[in-house]
Amino acid sequence: DTAVSQTPKYLVTQMGNDKSIKCEQNLGHDTMYWYKQDSKKFLKIMFSYNNKELIINETVPNRFSPKSPDKAHLNLHINSLELGDSAVYFCASSLRGLYEQYFGPGTRLTVT
Amino acid sequence: QQQVKQSPQSLIVQKGGISIINCAYENTAFDYFPWYQQFPGKGPALLIAIRPDVSEKKEGRFTISFNKSAKQFSLHIMDSQPGDSATYFCAASPNAGKSTFGDGTTLTVKP
Chain V
649 DTAVSQTPKY LVTQMGNDKS IKCEQNLGHD TMYWYKQDSK KFLKIMFSYN NKELIINETV
709 PNRFSPKSPD KAHLNLHINS LELGDSAVYF CASSLRGLYE QYFGPGTRLT VT
Chain S
80 QQQVKQSPQS LIVQKGGISI INCAYENTAF DYFPWYQQFP GKGPALLIAI RPDVSEKKEG
140 RFTISFNKSA KQFSLHIMDS QPGDSATYFC AASPNAGKST FGDGTTLTVK P
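Chains V and S supply the protein sequences, listed in that same order. When the count follows the working numbering, it moves up by one through the first sequence with no breaks and lands on 760 for the last residue. When the count follows the working numbering, it moves up by one through the second sequence with no breaks and lands on 190 for the last residue.
One chain only, chain S, in its complex shape:
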């Protein structure tokens, strides 16, 4: 049973555009929702994370929007740049327990 569903599988955006990746979860015990960024040949790296007590968190061009009632959260990348081209994973975990990862989204930002 997949507990975190991520979409889309791949995304192509023009430079300067907004990239949006969505995730939905099922387990209401999840209380930590990170996004990881992975470049080819590298390990995933934590990009930004949110806890369910806030509806939005922004760090530079990256914003997480969180909807607790809908059990959904999304990553918005404003002013997308070619250097943002990578695979993005959402994840969720309960109380420092096991993280469950989404299937990943391959983002390509065209110059």
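One chain only, chain V, in its complex shape:
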């Protein structure tokens, strides 16, 4: 029973392309997040949605656009991909007010 799932697991694409990553959680949580983990394993929050409302929007290039169609889903669309976008992107979810975050397995994005 997968709690937080992401698709695809691997994504290899060329510079300039547009790609999307999808995330779904079946934990009944109301808050979802996108994190970026770089090659040094630093984990940085990018966005957070609570009940489909954007509540955290870190300093991220506007080529990155999150979208939450409902509480259980959070997608990340990236336009005009750059080499520096290569990283592992993690989706996470929590029940707001309870702090604990549950992470998905990650999507490894490689931009060539």
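By construction, these hints were calculated from the structure, which means they are not laboratory data. Any given hint could be a false lead.
As the list claims (entries may be wrong) - Derived DSS-like pairs (lysine-lysine); straight-line CA-CA distance at most 27 Å:
id: 1; chain 1: V; residue 1: Lys688; chain 2: S; residue 2: Lys189
id: 2; chain 1: V; residue 1: Lys684; chain 2: S; residue 2: Lys177
id: 3; chain 1: S; residue 1: Lys150; chain 2: V; residue 2: Lys689
id: 4; chain 1: V; residue 1: Lys670; chain 2: S; residue 2: Lys177
id: 5; chain 1: V; residue 1: Lys689; chain 2: S; residue 2: Lys94
id: 6; chain 1: V; residue 1: Lys667; chain 2: S; residue 2: Lys121
id: 7; chain 1: V; residue 1: Lys700; chain 2: S; residue 2: Lys177
id: 8; chain 1: V; residue 1: Lys688; chain 2: S; residue 2: Lys84
id: 9; chain 1: S; residue 1: Lys177; chain 2: V; residue 2: Lys692
id: 10; chain 1: S; residue 1: Lys177; chain 2: V; residue 2: Lys689
id: 11; chain 1: V; residue 1: Lys689; chain 2: S; residue 2: Lys84
id: 12; chain 1: S; residue 1: Lys94; chain 2: V; residue 2: Lys715
id: 13; chain 1: S; residue 1: Lys150; chain 2: V; residue 2: Lys692
id: 14; chain 1: S; residue 1: Lys189; chain 2: V; residue 2: Lys689
id: 15; chain 1: S; residue 1: Lys121; chain 2: V; residue 2: Lys688
id: 16; chain 1: S; residue 1: Lys84; chain 2: V; residue 2: Lys692
id: 17; chain 1: V; residue 1: Lys684; chain 2: S; residue 2: Lys121
id: 18; chain 1: S; residue 1: Lys147; chain 2: S; residue 2: Lys189
id: 19; chain 1: V; residue 1: Lys719; chain 2: S; residue 2: Lys121
id: 20; chain 1: S; residue 1: Lys84; chain 2: V; residue 2: Lys684
id: 21; chain 1: V; residue 1: Lys715; chain 2: S; residue 2: Lys177
id: 22; chain 1: S; residue 1: Lys137; chain 2: S; residue 2: Lys84
id: 23; chain 1: S; residue 1: Lys150; chain 2: V; residue 2: Lys688
id: 24; chain 1: V; residue 1: Lys657; chain 2: S; residue 2: Lys121
id: 25; chain 1: V; residue 1: Lys670; chain 2: S; residue 2: Lys121
As the list claims (entries may be wrong) - Stretches of chain S that chain V covers, calculated by requiring three or more beta carbons in the stretch to come under 8 Å of a beta carbon on chain V:
id: 26; segment: 100-106
id: 27; segment: 162-172
id: 28; segment: 180-186
Claimed, not checked - Covered stretches of chain V, as calculated for chain S (at least 3 residues, CB under 8 Å):
id: 29; segment: 689-696
id: 30; segment: 751-758
Cβ coordinates follow ideal geometry from the N, Cα and C atoms, glycine included.
With chain V fixed as given, assemble chain S onto it according to the hints.
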């Protein structure tokens, strides 16, 4: 400005030894301090967490020590095992707000 400083960056411990990872924070509004464990190719998973009203929390071989006045907290892994080899992240968050993560510690436990 890095709000949570984690050290060491990497740690090598012999099997059966004690692994200690330290974190220091700046924001006094933080009121939740979790530790996450991440194995290669996997997402981080919550290991243990503490709130500032207690100075220590123990779960099995894992213990968090918390020093509110010094604004520091640490993870102790007793009787470290090769299966504990992973990257460990401390984090801190204020009142269910945004979590700030430390830079991670890569732990290697040698058999």
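**OP:** Return the numbers of the hints above that this structure violates; sort them in rising order.
**Re:** 12, 18, 26
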